[in-house]
Amino acid sequence: MGIPKGSELKQPGERVVWVTGAAGGIGSAICDAFVAAGNKVVATDVRGLAPRPSVVVLACDVRSSASIAMVIEKCNQLGGVDVLVNCAGIMRRCDVLELSPEIWDQLFDVNVKGPLLCSQAAARSMIEGGRAGSIIHVGSINAEKVFAETVAYCCSKGALHAMGRSMALALAPYGIRVDMVAPGAIDDTDLEPERWGQEQMRAEAVALTPLRRLGKSVDVARSVLFLASEDARYITGETLFIDGGRLASV
Amino acid sequence: MNTIETNSKDCEARASQASLKGRVAWVTGGANGIGAAIAQELGDRGAIVYVTDLTAGVNVEVCDMRDPQAIAAFAISVSARSGRLDILVNNAAIQRRRAFIDFTEADFDELFATNVRGAFFAAQASAREMISGGRGGSIVNVSSVNATHAQPETTLYCASKGSIGTMTRALAWALGRYSIRVNAVSPGTIVTNLNRDRLADNETVRNVVAATALGRLGTAEEVAPSVAFLASDEARFITGANLAIHGGWTLTG
Numbered sequence: 001m002g003i004p005k006g007s008e009l010k011q012p013g014e015r016v017v018w019v020t021g022a023a024g025g026i027g028s029a030i031c032d033a034f035v036a037a038g039n040k041v042v043a044t045d046v047r048g049l050a051p052r053p054s055v056v057v058l059a060c061d062v063r064s065s066a067s068i069a070m071v072i073e074k075c076n077q078l079g080g081v082d083v084l085v086n087c088a089g090i091m092r093r094c095d096v097l098e099l100s101p102e103i104w105d106q107l108f109d110v111n112v113k114g115p116l117l118c119s120q121a122a123a124r125s126m127i128e129g130g131r132a133g134s135i136i137h138v139g140s141i142n143a144e145k146v147f148a149e150t151v152a153y154c155c156s157k158g159a160l161h162a163m164g165r166s167m168a169l170a171l172a173p174y175g176i177r178v179d180m181v182a183p184g185a186i187d188d189t190d191l192e193p194e195r196w197g198q199e200q201m202r203a204e205a206v207a208l209t210p211l212r213r214l215g216k217s218v219d220v221a222r223s224v225l226f227l228a229s230e231d232a233r234y235i236t237g238e239t240l241f242i243d244g245g246r247l248a249s250v
Numbered sequence: 001m002n003t004i005e006t007n008s009k010d011c012e013a014r015a016s017q018a019s020l021k022g023r024v025a026w027v028t029g030g031a032n033g034i035g036a037a038i039a040q041e042l043g044d045r046g047a048i049v050y051v052t053d054l055t056a057g058v059n060v061e062v063c064d065m066r067d068p069q070a071i072a073a074f075a076i077s078v079s080a081r082s083g084r085l086d087i088l089v090n091n092a093a094i095q096r097r098r099a100f101i102d103f104t105e106a107d108f109d110e111l112f113a114t115n116v117r118g119a120f121f122a123a124q125a126s127a128r129e130m131i132s133g134g135r136g137g138s139i140v141n142v143s144s145v146n147a148t149h150a151q152p153e154t155t156l157y158c159a160s161k162g163s164i165g166t167m168t169r170a171l172a173w174a175l176g177r178y179s180i181r182v183n184a185v186s187p188g189t190i191v192t193n194l195n196r197d198r199l200a201d202n203e204t205v206r207n208v209v210a211a212t213a214l215g216r217l218g219t220a221e222e223v224a225p226s227v228a229f230l231a232s233d234e235a236r237f238i239t240g241a242n243l244a245i246h247g248g249w250t251l252t253g
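Residue numbers (my numbering), protein chains in the order written: chain A, 1 to 250; chain B, 1 to 253.
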């Protein structure tokens, strides 16, 4: 149902899953979750990736079309990409009056343009191969709940969420669903380890969170797995917040 | 679905699906439609499921959501019978279609009594059992796309579902300290055994389908897994959230 003629939905164990930003805490947990569910996982990162059991690891700069093309080629050797998880992202903290075009561009290149280029490449491959698929963007609570000193990051995640909703409309005719997960305060990411190492920062985040604790990367991974699964086959263009209730708060 | 199936394909297909083994769930309005599909899904995943509705049926007990005393008594009786209550699915709801100026006070009272007041007191009664059990819990409110995207002639229903959305967020704060999570699902137009005839070949429906990215209406079986996911430990850092299940409807309009 909802899948165009000619498309065949693979069994979960036969799916090829590409995860960008796989060296990070959340990306790594997402790879683990898909491997545990029996998928073939292609893990990429601009940073070096250590070899992992049952995972193809590749270097990929999501800002580079040539780099992306190499990943698509690898995925094709495995049967073609069925699921793309856009997890690569960076954070820069800076007073808005000091925010330079260079910092702005760095953030938007990785956090917005990267997911666009990867999604285009993955979607083209899915469409050419007649495969229904799923694209998940790892957004952020900061698309909605913002901080003064992270203007560019917040804007980039807002853009990613809007891009995902728009992409959901554009790709639905091909049987490709596009959804977002939006993590709140996750204590084992590597986005800003020096900050999360500070007891005061953690306490402030907990105070904003109805569940009174920080989340774990694995919590995000479980939601990604759900959204990519057939259990979510009537869900597209949706954002699932994994934030301990932060969005629901003042 | 069979949870002890050992066929490897089936294991893979269910690999992302959380087990609810040992959990005790209460599904209101579960005799038919979306509620029945949710009860089936929770049961398939190993939960002991208590189903209530306005009239009794096979595996369906009576609980009138307009009656807070009956609601409180039912929550207590679940605890008494199974020793715990882990999951509440607030699904019971009614619909009234009229032109706005024709709605009566009786329409208002009846719709809000079930859709909002009943859900509130079911959450309260269930939370009491969950708190005394000390194991936390999960409440899933079945809201609607109409909580945020209105349609004509269903003004009261839209308002009631808007209230459910706000209640979900408020209860997330109120119950977070007890590790009780409160979330909502917001289905779009869902075909069930209750509305199949009404939805057949109808202009409104054709317009909805045309505005839906996935190009079709949903089914109750496509709502139920999202409820099961939110009810499970897979969603243990998710509270106060709303999960829309609408096939991409409302993204543009």
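Calculated directly from the structure, the hints in this document are not laboratory data.
What you are looking at is a predicted structure, and each value in this text was computed from that prediction instead of being measured.
Note that the Cβ used here is the ideal one computed from N, Cα and C, for glycine as well.
A few of these clues could be false.
Restraint ranges, calculated between C-beta atoms of paired labels, are given here [stated by the list, open to error]: (1) F100(B) with V206(A): 43 to 51 angstroms; (2) A174(B) with Q198(A): 24 to 32 angstroms; (3) R124(A) with V209(B): 26 to 34 angstroms; (4) V146(A) with I131(B): 30 to 38 angstroms; (5) L169(A) with R206(B): 14 to 22 angstroms; (6) V62(B) with Q198(A): 29 to 37 angstroms; (7) G79(A) with V62(B): 47 to 55 angstroms; (8) P152(B) with S54(A): 52 to 60 angstroms; (9) N195(B) with Q198(A): 49 to 57 angstroms; (10) L116(A) with E203(B): 52 to 60 angstroms; (11) N195(B) with L169(A): 41 to 49 angstroms; (12) I103(A) with H149(B): 33 to 41 angstroms; (13) M201(A) with R128(B): 51 to 59 angstroms.
Okay, the hints, checked on the actual structure:
Our hint of 43 to 51 angstroms for F100(B) and V206(A) holds, since their Cβ atoms are close to 45 angstroms apart. Look at A174(B) against Q198(A): about 29 angstroms separates their beta carbons, and that is inside 24 to 32 angstroms. Between R124(A) and V209(B) the beta carbons are some 27 angstroms apart, a value that agrees with the proposed interval 26 to 34 angstroms. With their beta carbons about 34 angstroms apart, V146(A) and I131(B) fall inside the hinted range of 30 to 38 angstroms.
The hinted range of 14 to 22 angstroms is satisfied by L169(A) and R206(B), whose Cβ atoms lie roughly 18 angstroms apart. Checked against the hint of 29 to 37 angstroms, the pair V62(B) and Q198(A) fails, with Cβ atoms roughly 55 angstroms apart. For G79(A) and V62(B), the Cβ-Cβ distance of about 53 angstroms falls inside the hinted range of 47 to 55 angstroms, so the restraint holds. Evaluation of the 52 to 60 angstroms hint for P152(B) and S54(A) yields a pass: the beta carbon distance comes to about 53 angstroms.
One distance hint, 49 to 57 angstroms for the beta-carbon pair N195(B) and Q198(A), holds here, with the actual separation near 54 angstroms. As the Cβ distance of L116(A) to E203(B) is approximately 37 angstroms, the hint placing it in 52 to 60 angstroms is violated. For the pair N195(B) and L169(A), the supplied restraint of 41 to 49 angstroms is violated, since their beta-carbon distance comes to about 26 angstroms. Here the CB-CB span from I103(A) to H149(B) is close to 37 angstroms, well matched to the stated 33 to 41 angstroms.
Look at M201(A) against R128(B): about 35 angstroms separates their beta carbons, and that is not inside 51 to 59 angstroms.
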